[in-house]
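Undergrad: Chain residues, written in single-letter form:
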Amino acid sequence: MSGHERERLSAYLDRELPPSEQAAVEAHLAACPECAAFLAGLAAVDEAAASLPAEAPEGYFETFPARVRPRLEARKSAFPARRVPAWTWAAAAALLLAVVTPLTLRQLRPSSGAAPSTAPAAIQPAPAKVEPMAADEPRRPEPTPTPTVHTDRTASPEKRGPVPNAAPAVAPPAAPQDKAEAAFAREPELLPPAPAQAVVARADTETAPAAAGNVAAEGLTARGGDRLRVATAESAAEPEASAPSAGKAGPGLGAAAAREPEDAFRRLAAVRPGSAVEWRLLRDRWNALAAGEPDRLRADEARVRAIMAGREAWLARGGADDEAAFRRDVAAYLQREDALQKPRVERLLAEPRRAP
Amino acid sequence: MSHSARPPQADPGPDETFLLARARQGDLSAFEEVVRRHQRRVYGVALRIVRAHDVADDVAQEAFVRAWRSLDRFELGRPFGPWVCRIAANLAVNHVRSPRAREEGLPEGHAETPSADPGPLGAVLDAEAKRVLDEAVAGLTPEQRAVFVLRAVEEMSYEEIAGALGISPGTVMSRLFRARERLAKTLAPYLGVAVRRKAGGS
Chain A
269 MSGHERERLS
279 AYLDRELPPS
289 EQAAVEAHLA
299 ACPECAAFLA
309 GLAAVDEAAA
319 SLPAEAPEGY
329 FETFPARVRP
339 RLEARKSAFP
349 ARRVPAWTWA
359 AAAALLLAVV
369 TPLTLRQLRP
379 SSGAAPSTAP
389 AAIQPAPAKV
399 EPMAADEPRR
409 PEPTPTPTVH
419 TDRTASPEKR
429 GPVPNAAPAV
439 APPAAPQDKA
449 EAAFAREPEL
459 LPPAPAQAVV
469 ARADTETAPA
479 AAGNVAAEGL
489 TARGGDRLRV
499 ATAESAAEPE
509 ASAPSAGKAG
519 PGLGAAAARE
529 PEDAFRRLAA
539 VRPGSAVEWR
549 LLRDRWNALA
559 AGEPDRLRAD
569 EARVRAIMAG
579 REAWLARGGA
589 DDEAAFRRDV
599 AAYLQREDAL
609 QKPRVERLLA
619 EPRRAP
Chain B
777 MSHSARPPQA
787 DPGPDETFLL
797 ARARQGDLSA
807 FEEVVRRHQR
817 RVYGVALRIV
827 RAHDVADDVA
837 QEAFVRAWRS
847 LDRFELGRPF
857 GPWVCRIAAN
867 LAVNHVRSPR
877 AREEGLPEGH
887 AETPSADPGP
897 LGAVLDAEAK
907 RVLDEAVAGL
917 TPEQRAVFVL
927 RAVEEMSYEE
937 IAGALGISPG
947 TVMSRLFRAR
957 ERLAKTLAPY
967 LGVAVRRKAG
977 GS
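Chains A and B supply the protein sequences, listed in that same order. For the first sequence, the working numbering begins at 269 and goes up steadily by one. For the second sequence, the working numbering begins at 777 and goes up steadily by one.
These are computed hints drawn from the structure, not numbers from a lab. Backbone N, C-alpha and C fix where the C-beta goes; we use that ideal spot for every residue, glycine too. It is possible that some hints are incorrect.
Derived pair list, reagent style SDA-like, types lysine to any residue, alpha-carbon separation capped at 25 angstroms [claimed, not checked]:
#, chain 1, residue 1, chain 2, residue 2
1, B, Lys961, A, Glu284
2, A, Lys610, A, Leu583
3, A, Lys610, B, Glu904
4, B, Lys961, A, Arg274
5, B, Lys961, A, Phe306
6, A, Lys610, B, Asp902
7, B, Lys961, A, Ala334
8, B, Lys961, A, Leu583
9, A, Lys610, B, Ala914
10, B, Lys961, A, Ala304
11, A, Lys610, B, Asp830
12, A, Lys610, A, Ala334
13, B, Lys961, A, Pro301
14, B, Lys961, A, Ala308
15, A, Lys610, B, Lys961
Short derived list, chain B residues pointing at chain A, Cβ under 7 angstroms [as the list claims (entries may be wrong)]:
#, residue
16, Phe794
17, Arg800
18, Leu804
19, Val811
20, Phe840
21, Val841
22, Leu909
23, Val929
24, Arg958
Please put together the full structure from these sequences, using the hints given.
TA: Here it is in structure tokens:
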């Protein structure tokens with residue numbers, strides 16, 4: 269039988285041939301032991317492949333729904349805004365910025381030149397809501413259009429409240445929510461693109477995400493290009509829906525306040541470092557998160573991710589110190605009594621190298 | 777000859793339809809229950825295609841987020857599982873095809889925990905054969921692997937697979953054949969023994 273006809277055997281196995289062909293193949297099979305054997309081989313491959321395990325690390329499914337939920341909540345809060353074209357958010361933010369910036373500048377800083385850093389601070393709404401962002405990015409020059417648009421219209425008296433606190437670029441952010449947040453605050457240059465992504469998330473799909481993408485792009489470019497390219501490439505590569513990788517990488521702002529630990533975890537999980545230095549920082553952040561994480565499963569996963577990030581740092585640069593740190597992390601993990609993923613970590617240790 | 781004889785996809789049941797109807801009205805807890813029911817399957821599809829836990833985790837989460845967002849386009853009463861699996865498969869293939877995934881190099885093998893129910897042939901395939909098969913599956917192109925997983929494991933029709941991956945049923949047929957042929961060739965030395973052992977009933 270030719271290759272083409274063997275292809276029909278494969279379709280026959282799946283009962284995907286038209287009835288007449290199905291019957292013809294059947295007749296042929298009865299007379300041809302070679303084809304019958306070939307067919308049996310194909311069927312056996314399916315069966316064997318289906319029997320291969322596809323198991324997650326222990327405890328993974330217990331936390332899975334809870335980890336998905338905040339992302340659904342972020343989606344839900346975006347529903348009312350759904351029919352609004354994406355660009356309107358950017359436009360509204362730009363407009364607001366244009367109006368508010370000169371006012372606040374005049375009010376706060378008679379000496380100009382600090383426009384980019386004061387402007388967003390000036391229009392931030394309420395301290396409680398702003399805090400995580402301030403912790404994330406003390407110097408981020410882009411405003412966060414979404415909360416601005418939502419709250420500022422009604423909150424003009426309060427909006428000047430936080431200004432003196434938030435304006436100085438070097439001032440430490442007020443009380444980060446947990447240790448992981450504190451770690452973010454110390455290393456603002458390696459932040460996941462959460463705020464910018466949130467803009468995309470808010471913009472939702474359906475209608476032109478391009479404008480929101482531009483806002484995201486500016487926000488990210490302002491603090492270093494690598495992750496921007498990753499973020500946009502990612503959304504470009506996504507299938508059916510057009511702008512949806514937002515939810516993947518960045519949480520919605522509303523959910524962020526409510527679910528800090530999960531949020532911190534997801535934000536770290538969304539970081540895609542581009543260099544050994546960034547991998548190293550990511551490793552430290554995972555370790556910091558694990559140290560401050562009361563949830564056992566999440567802490568365990570964070571420790572493993574720290575090890576994996578450390579390994580990437582080593583592979584990216586190949587330095588002896590990175591290797592030493594990686595091996596130290598692995599050893600520490602394997603000694604833990606509460607470690608849930610020892611085989612996975614041992615495998616990382618056993619196959620530390622791969623082709624570059 | 778042995779047609780694969782696994783049971784057809786489970787009917788969603790009135791219970792799940794009810795949950796999905798609630799979810800469609802914005803009931804997060806109802807949807808969370810739906811997530812709980814389908815998470816293993818969705819994760820399984822993702823993992824078999826992307827072959828790395830972290831990525832499969834991302835893909836599985838994203839699949840549910842998108843399903844949630846598209847619920848108003850979902851026809852109540854139809855099974856939810858295959859639908860969300862198709863979303864996951866699409867995301868998984870797109871991830872594996874992305875430049876980033878290529879930079880990240882070859883994914884790891886399957887997770888370490890052995891399957892609870894290895895199935896009849898699985899029971900007689902020795903560990904070595906499984907390792908060889910696993911590697912052979914990893915060696916397929918992402919496109920072949922996705923088609924193969926959706927057929928061999930998820931038992932979707934060509935039409936469903938074509939819809940999930942945005943290709944024609946004809947392409948499904950030829951990719952699937954090439955995948956199976958390649959796997960069968962790799963596995964031939966082991967399969968003969970296993971099939972005989974299975975037939976012998978030992």
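Undergrad: For each hint, tell me whether it holds in the structure or not.
TA: Evaluated hints:
Our distance criterion of 25 angstroms between C-alpha atoms is met by B/Lys961 and A/Glu284, whose separation comes to about 23 angstroms. Between A/Lys610 and A/Leu583 the alpha-carbon distance is near 21 angstroms, which keeps this suggested pair within the 25 angstroms criterion. With a CA separation close to 22 angstroms, the supplied pair A/Lys610 and B/Glu904 stays within the 25 angstroms bound. In summary, the hint linking B/Lys961 to A/Arg274 is supported, as the alpha carbons are separated by about 14 angstroms, within the 25 angstroms threshold.
For the given pair, B/Lys961 sits about 10 angstroms from A/Phe306 by alpha-carbon distance, which is consistent with the 25 angstroms threshold. For the suggested pair A/Lys610 and B/Asp902, the alpha carbons sit about 24 angstroms apart, so the restraint of at most 25 angstroms is met. Restraint check: the Cα-Cα separation between B/Lys961 and A/Ala334 comes to about 43 angstroms, which exceeds 25 angstroms; the hinted pair is violated. The straight-line distance between the Cα atoms of B/Lys961 and A/Leu583 is roughly 34 angstroms, outside the 25 angstroms bound, and the hint therefore fails.
Taking the CA atoms of A/Lys610 and B/Ala914, the gap is about 23 angstroms. The hint holds against a cut of 25 angstroms. Pair hint B/Lys961 plus A/Ala304 holds up; C-alpha atoms about 15 angstroms apart against a cutoff of 25 angstroms. For the given pair, A/Lys610 sits about 16 angstroms from B/Asp830 by alpha-carbon distance, which is consistent with the 25 angstroms threshold. Simply put, A/Lys610 and A/Ala334 have alpha-carbon atoms about 24 angstroms apart, close enough for the 25 angstroms limit, and the pair holds.
Simply put, B/Lys961 and A/Pro301 have alpha-carbon atoms about 17 angstroms apart, close enough for the 25 angstroms limit, and the pair holds. For a cut-off of 25 angstroms, the pair hint linking B/Lys961 to A/Ala308 stands: about 12 angstroms separates their Cα positions. Distance hint between A/Lys610 and B/Lys961 is unfulfilled; the C-alpha atoms sit about 34 angstroms from each other, more than 25 angstroms. Proximity of B/Phe794 to chain A is violated relative to the hint, the smallest CB-CB distance being about 18 angstroms (cut-off 7 angstroms).
A least Cβ separation of about 12 angstroms between B/Arg800 and chain A goes past the 7 angstroms threshold, and the interface hint is therefore violated. Because the smallest distance between the Cβ of B/Leu804 and any Cβ of chain A comes to about 6 angstroms, under 7 angstroms, the interface hint for this residue holds. The restraint placing B/Val811 at the interface with chain A holds, with a minimum CB-CB distance near 5 angstroms, inside the 7 angstroms limit. A least Cβ separation of about 5 angstroms between B/Phe840 and chain A falls short of the 7 angstroms threshold, and the interface hint therefore holds.
Because the beta carbon of B/Val841 sits about 5 angstroms from the nearest beta carbon in chain A, less than 7 angstroms, this interface hint is met. Residue-level restraint check for B/Leu909 holds (minimum Cβ-Cβ distance to chain A is 6 angstroms; threshold 7 angstroms). Evaluation of the B/Val929 hint against chain A yields a held restraint, the C-beta minimum of about 5 angstroms falling below 7 angstroms. At its closest, the beta carbon of B/Arg958 sits 9 angstroms from a beta carbon of chain A; the interface hint therefore is violated under the 7 angstroms criterion.
The structure fails to meet hints 7, 8, 15, 16, 17, 24 from the earlier list, while all remaining hints are met.
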